[in-house]
Amino acid sequence: MDLNSWQSQLRKGAAELVVLAVLARQEAYGLQILDRANQAGEIVSDGALYPLLTRLEKAGKIAARWDMVEGTNPRKYYRLTPEGEAMLGEMRRLWGGFRGMMDTLV
Amino acid sequence: MTKDSEQEIDAYVRRLLWALQALPHDDRLSIASEIHSHLSDCAARGEAELDKAMAKMGAADALARSYVEEYELAGAVNRASPAPLLLTVLNRATRSVAAFVGGFAALTLYLIALGCGAVAIGKLIEPGYVGAWKTGHDLSIGIVTNPPAGHEMMGYGIVPAAALVGAICFIAAHKLLRLIGRRLLARTRPALSANA
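Quick note, the sequences are listed as chains A and B, same order.
Be aware that the first sequence starts at 118, since it is given in our numbering, and climbs by one per residue.
Be aware that the second sequence starts at 65, since it is given in our numbering, and climbs by one per residue.
These are computed hints drawn from the structure, not numbers from a lab.
Among the clues, some could well be false.
Said to hold, decoys possible - Quick partial rundown of chain B residues pointing at chain A, CB under 7 Å, derived from the structure:
(1) E98
(2) S101
(3) S104
(4) E134
Stated by the list, open to error - The calculated lysine-lysine pairs, modelled on DSBU-like cross-linking and capped at a C-alpha distance of 30 Å, are:
(5) B/K116 / A/K175
(6) A/K129 / B/K120
(7) B/K120 / A/K175
(8) B/K116 / B/K67
(9) A/K129 / B/K239
(10) A/K175 / A/K193
(11) B/K116 / A/K129
(12) A/K193 / A/K129
(13) B/K67 / B/K120
(14) A/K129 / A/K175
(15) A/K193 / B/K120
(16) A/K193 / B/K67
(17) A/K193 / B/K116
(18) A/K175 / B/K239
Said to hold, decoys possible - Beyond 12 Å from chain A on every Cβ pair, some chain B residues (computed):
(19) A86
(20) L151
(21) P191
(22) W197
(23) S204
Backbone N, C-alpha and C fix where the C-beta goes; we use that ideal spot for every residue, glycine too.
Bound conformation, chain A alone:
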């Protein structure tokens, strides 16, 4: 069995939850989200994060605003919407159940 592929699938499943959890703490732009999501180990890559953010934004789970300050990079800040908060709550509940089940089995 290819363990790298298995590990990659595990990360895939967790990325959306991690990104929403990061945004639940405070509004952030892409690089900040990436730094916070990956501080305990790599969960999401640069090239994967932005399409995910676009999809979550289109789905109404997060909202975005551009911050244009002269002399600095324009930055797109994301924040959780009420719909995103509800989804995060449900995902946390499911994650807790899943982790408990795995702890019992493995």
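Using the hints provided, position chain B relative to the given structure of chain A.
Structure of chain B alone, referenced to chain A:
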């Protein structure tokens, strides 16, 4: 940020913009600006960080493809017409078992619905050539060019029956297609990490 880094970022974003042509203009610009900003922030941390970020971003056309696929599928799932979604799902049939099985099952159901519609309408136009005949052990149902000599069993009752079966097949195909579309959307989530 060095001049070389700036040029490298500009070249990457130009390739990305070019590869994103299928997307709406404003969305392309927004994506390109965000990626430019990300790479510039990384470059400000040093050239090694920029190199690392570029490697993890992947080739510009691959990044663009993941955006385009996301848009195509999300757009098709949200559209009322099933045709774009059916085409998008069938287009992925070689890469996903769910798309292969679900896409062809939905296509079959749509064809059955179409056939039932033709039977219902055909009975009203050419009643002698549409119906259900039993001759010996053989049963013929539908539209026939040479109606069997036996007794036609359903009469005009075939019209509501075909319409009902057709409607059920159409609704089932529609629901199946949207289910597959949503599943595929869920799977287009990030290829996470450098190992992905």
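Each hint tested on the structure:
1. A distance limit of 7 Å between C-beta atoms decides the matter here; for B/E98 the minimum to chain A is near 5 Å, and the interface restraint holds.
2. Evaluation of the B/S101 hint against chain A yields a held restraint, the C-beta minimum of about 4 Å falling below 7 Å.
3. With its C-beta approaching chain A no nearer than about 5 Å, B/S104 sits inside the 7 Å limit, and its interface hint holds.
4. The interface hint given for B/E134 is met, as the beta carbon of that residue sits about 5 Å from the closest beta carbon of chain A, less than 7 Å.
5. For a cut-off of 30 Å, the pair hint linking B/K116 to A/K175 stands: about 28 Å separates their Cα positions.
6. Between the alpha carbons of A/K129 and B/K120 the distance comes to roughly 15 Å, so the proposed pair stays at or under 30 Å and holds.
7. Taking the CA atoms of B/K120 and A/K175, the gap is near 24 Å; set against the 30 Å cutoff, the hint holds.
8. Between B/K116 and B/K67, the direct Cα distance comes to roughly 18 Å. Compliance with the 30 Å bound is thereby established for this hinted pair.
9. Taking the CA atoms of A/K129 and B/K239, the gap is near 26 Å; set against the 30 Å cutoff, the hint holds.
10. Taking the CA atoms of A/K175 and A/K193, the gap is about 15 Å. The hint holds against a cut of 30 Å.
11. The straight-line distance between the Cα atoms of B/K116 and A/K129 is roughly 20 Å, inside the 30 Å bound, and the hint therefore holds.
12. Restraint check: the Cα-Cα separation between A/K193 and A/K129 comes to about 23 Å, which is no more than 30 Å; the hinted pair holds.
13. The hinted pair formed by B/K67 and B/K120 meets the criterion: a straight-line CA distance of about 22 Å does not exceed 30 Å.
14. Between A/K129 and A/K175 the CA atoms are separated by roughly 19 Å; this keeps the pair inside 30 Å, and the hint holds.
15. With a C-alpha separation of about 20 Å, the suggested pair A/K193 and B/K120 falls inside the 30 Å cut-off, and the hint holds.
16. Only pairs whose Cα atoms come within 30 Å are accepted, and A/K193 paired with B/K67 is accepted, the gap being roughly 24 Å.
17. At most 30 Å may separate the alpha-carbon atoms for a hinted pair to count; A/K193 and B/K116 meet this at roughly 21 Å.
18. Distance restraint check for A/K175 and B/K239: the Cα-Cα separation of roughly 22 Å lies within the 30 Å cut-off, and the hinted pair is therefore satisfied.
19. For B/A86, the shortest C-beta to C-beta distance to chain A comes to about 14 Å, beyond the 12 Å cut-off, and the non-interface label holds.
20. Every C-beta of chain A lies more than 12 Å from that of B/L151, the closest at about 20 Å, which supports listing it as non-interface.
21. Every CB of chain A lies more than 12 Å from the CB of B/P191, the least distance being 51 Å, so the non-interface label holds.
22. For B/W197, the requirement that its beta carbon stay farther than 12 Å from each beta carbon of chain A is met, with the minimum near 53 Å.
23. Residue placement check: B/S204 keeps its beta carbon more than 12 Å from all beta carbons of chain A (closest about 50 Å).
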